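Residue numbers (our numbering), protein chains in the order written: chain A, 1 to 359; chain B, 1 to 151; chain C, 1 to 412.
A hint or two may mislead.
Said to hold, decoys possible - Quick list of the computed label-pair ranges, beta carbon to beta carbon:
id: 1; chain 1: A; residue 1: Gly311; chain 2: C; residue 2: Lys90; range: 23 to 33 Å
id: 2; chain 1: A; residue 1: Gly311; chain 2: B; residue 2: Gly39; range: 55 to 65 Å
id: 3; chain 1: C; residue 1: Tyr22; chain 2: A; residue 2: Asp23; range: 41 to 51 Å
It is worth saying that the hints were derived from the structure and are not from the lab.
Quantities reported herein were computed from a predicted structural model and do not represent experimental measurements.
C-beta atoms are modelled at their ideal positions from N, C-alpha and C, and glycine is treated no differently.
This is what each chain is made of:
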Amino acid sequence: MSKRSIVPFGPQHPVLPEPIHLDLVLEDEKVVEAIPSIGFVHRGLEKLVEKRNFHDYMYVIERICGICSFMHGMGYAEGIERIMDVEIPDRAKYLRTIWCEMSRLHSHLLWLGLLADAFGFESLFMHCWRMRETILDMFEASTGGRVIFSVNKIGGVLKDMDSSMLRTFVDMFDKMEEEVRQLTNVFLKDYTVANRLKGVGILTKEDAILNGAVGPMMRAAGIESDTRKLGYAAYGDIDFDIITGKECDSFARCEVRIGEIFQSFNIIRQAVAKIPEGPISVDVKGNPNGEAFVRLEQPRGEAVFYFRGDGTQFLNRARVRTPTFANIPSLVKILEGCDFADVPILVLTIDPCVSCTER
Amino acid sequence: MAKITKSPWLLHYDGSSCNGCDIEVLACLTPVYDVERFGIINTGNPKHADIFLVTGGINEKNKAVVKQLYDQMPEPKVVVAVGICACNGGVFKDAYNIIGGVDKAIPVDVYVPGCAARPEAIIDGVVKALGVLDEKQKAFKEAKKKKGAEK
Amino acid sequence: MNKYGSFTGGIFKSLFKKPATYGYPFNKREFPERTRGHIVINIDDCILCGLCEKKCPSAAIKVDRNKGTWSIDRMGCVQCENCVVGCPKKVLSTDVNYTEPSTTKTVDTFTKAGAAISEEKGASMPNCNLDSCVFCGLCAKNCPQGALSVDRATKSWKLDETLCVSCGLCVEKCPKKCLEMGEDKTKNTAALAPYDVDDLPKADLNACVYCGICASACPQGAIELDRDSKKWVVNEDKCIHCGICYYKCPKKCIAMVDAETALAVAEEKAEDTGASLPKADLDKCVYCTLCAKNCPQGALTVDRANKVWKLDADACVSCGLCVDKCPKKCIDMSASSAAEANEPEFKRGYDVEATPDANLDLCVYCGICAKACPQDAVTVDRENKTWTVDEDKCIHCAICAYKCPKKCIDMK
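Excised from the complex, chain A in its bound form (with noise of 0.2 Å):
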């Protein structure tokens, strides 16, 4: 048996864009334990709803993560409009729909890239990041931010999109879409790829469930489950099939989220074809009294919101469970046993977003 030795890894990386902290205990070139530790990026935020107005919390919860910063807004409003039982317009609701499932392209492209950095794939990297640009562009027309929105309010939306701008961003997607599939054959064809994903970081069925793994690190395993299901905003209007993977490996996650997009694609489609005409928001008076507890699928996985008030204007408490904090167990146990150079492309398959999990 070999000596043990123990690297850190990060929390400033390369191949990171967010600091993460591991310490990888290795033998020669395996790793056989990966400790994390997290609490670079943690700044209290769930305390802040204390300090702040419930309507205008929302523009603190958006900015728990800058990937699904729209998702975070939603969730925060879809609690407390259950709180305070506000039916909100169903043109909010399709609206939604079609932001989250934006906001779900530009996180898997995003994640894509990073995955083809961390493997040297680096022209790859810069197509899927190209395309990205393009929903961002959509975003700062529909929304005017490219990445923090504020588009959500307590009672619907703030912003409406006319049925001219749809079009123009169903006829974009279509273009897009083209461009998007000739890209991903590249992740599902090439050896390259296939060589550094294929049988590595496996995990297994028995090991998600044990680990409780969320998001497409679930679905890879071949785990049937989406809250889009649940039918929250407008998803129990449209018609959409789980994706899921086989094969359980760092291939099989990547598989998912490529499966995902085209979904993105189809679902934003078909929110469009149905979008009701109608306002856009209703009119919210008084305070939130109770508890509510929301699930919302992000591009990562199933986010959990808990909400309590006690009737005045500032909530009692706010807590968020994140799909990276829920994946990092996961990450644990496919980094025992990997190689070394690996473990970059094992910490990205979970598609960790450290500013969600620290908030």
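Model the placement of chains B and C on the given structure of chain A, informed by the hints.
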């Protein structure tokens, strides 16, 4: 743009941002903005870097990390605080774990506002930082000359 | 599986495509109109209410009432637009251009001319004159801070002084004009309503004209009224003591009294004392028919096409409602006989054939003119900013011109 006299290398560290500014920093390197046209490279090694881009505010845990990254960088060096959180803490100003902007840990030369800071604003900020870098370099050379003369 | 060259097609395409790089900073970017760049303020219309300061999630805005300044920390603003959405005066807006990076933290301060002196204005808060308040709740609905609570059932009007930002929006919205801004809060604590909460309405039958307005206004249908038999009865069980009949009575002959008095046997109505009749000043009359529509007796006939205003003196009960409802205030109760009331006197301020024309520079497309038009001749499309009049339908009544809140319609 006449100010660009050298190809600066960047070091990027995410303080405690929402990663909105981080993906915008990365977006600067990608085809639509492509700062590599100017020889700007995002490096992972502090010892290679001229310009230190920090996103997000400073909290108890990352204060030491930011400080040691800054100390590792060779003179002359410029610090750019990207985004409102890096400027003064932003929406998280009142949060219990946030000390404040980057200037609470290390001296900041250029502030880039925006939430999240737009890639255009980041490019403007880096260009501004280059002006500061030139000045610092001049001062650095003179100080060196003086030292040499004294010897 | 395609082992080699899965990327080759893409490479060739990229070779011949236009570069994706748009070349900032050599080419400037055109931002879409919704882009949130930086906040701008129209300081002249700002009332320094400080709501934006309260709403700002990153505490970047500072409002100083005493100095009359509004300042924003450009390196602290997160462009969430919360202040823009929440501004009661709509003086804030967002510009598409972002704030330039800088080596120092820039704070922009705007000073409102002449505002600095008004220090005593600081504590000004709305006062309600409860004598005329009808507890309609419009002030509370429009309060951006939710500082007002109005309860119709208990006739209470309450201000939470810790929340009030003195924006004055409630005063503007009050339909009864019973609110005013001031420091004197004694009025608010005065006796709430001119009657007790369990008082019942009682009509003074000497004055009652049996117009039936109270009965139709009653939300509970608690008032039974018959003109022919001169009957006016309130059903004690149904009455919720809201006092709406009290406020609505055109003759002010209903009083809110305790139950015993209310249910006492009503005395007979005295003989008519030669009541006055309405008379329209036809110089001003626009033949809008509102008087006729509101006449509980159907005693008025207004024919717009032939410019006729006619009173059936036998049917008139002298309730005076036509006077109240006349938007032109051209009716008074000065006539004593049918002949006097119907004396023709026809003249008007504009040509009878004139059609309305809106000044689209001023028009806000509120649609009030379209709603007011009795012929549906005016069409307003807010979304597409169009204002059209159908000349075939127009009867030249000019109601649209009178109704227009912006006074942007002319009869030409």
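Outcome of the hint check:
1. Checked against the hint of 23 to 33 Å, the pair A/Gly311 and C/Lys90 passes, with Cβ atoms roughly 31 Å apart.
2. In this structure, A/Gly311 and B/Gly39 meet the distance hint of 55 to 65 Å, their C-beta atoms being roughly 60 Å apart.
3. At roughly 44 Å, the beta-carbon separation of C/Tyr22 and A/Asp23 lies within the given 41 to 51 Å, and the hint holds.
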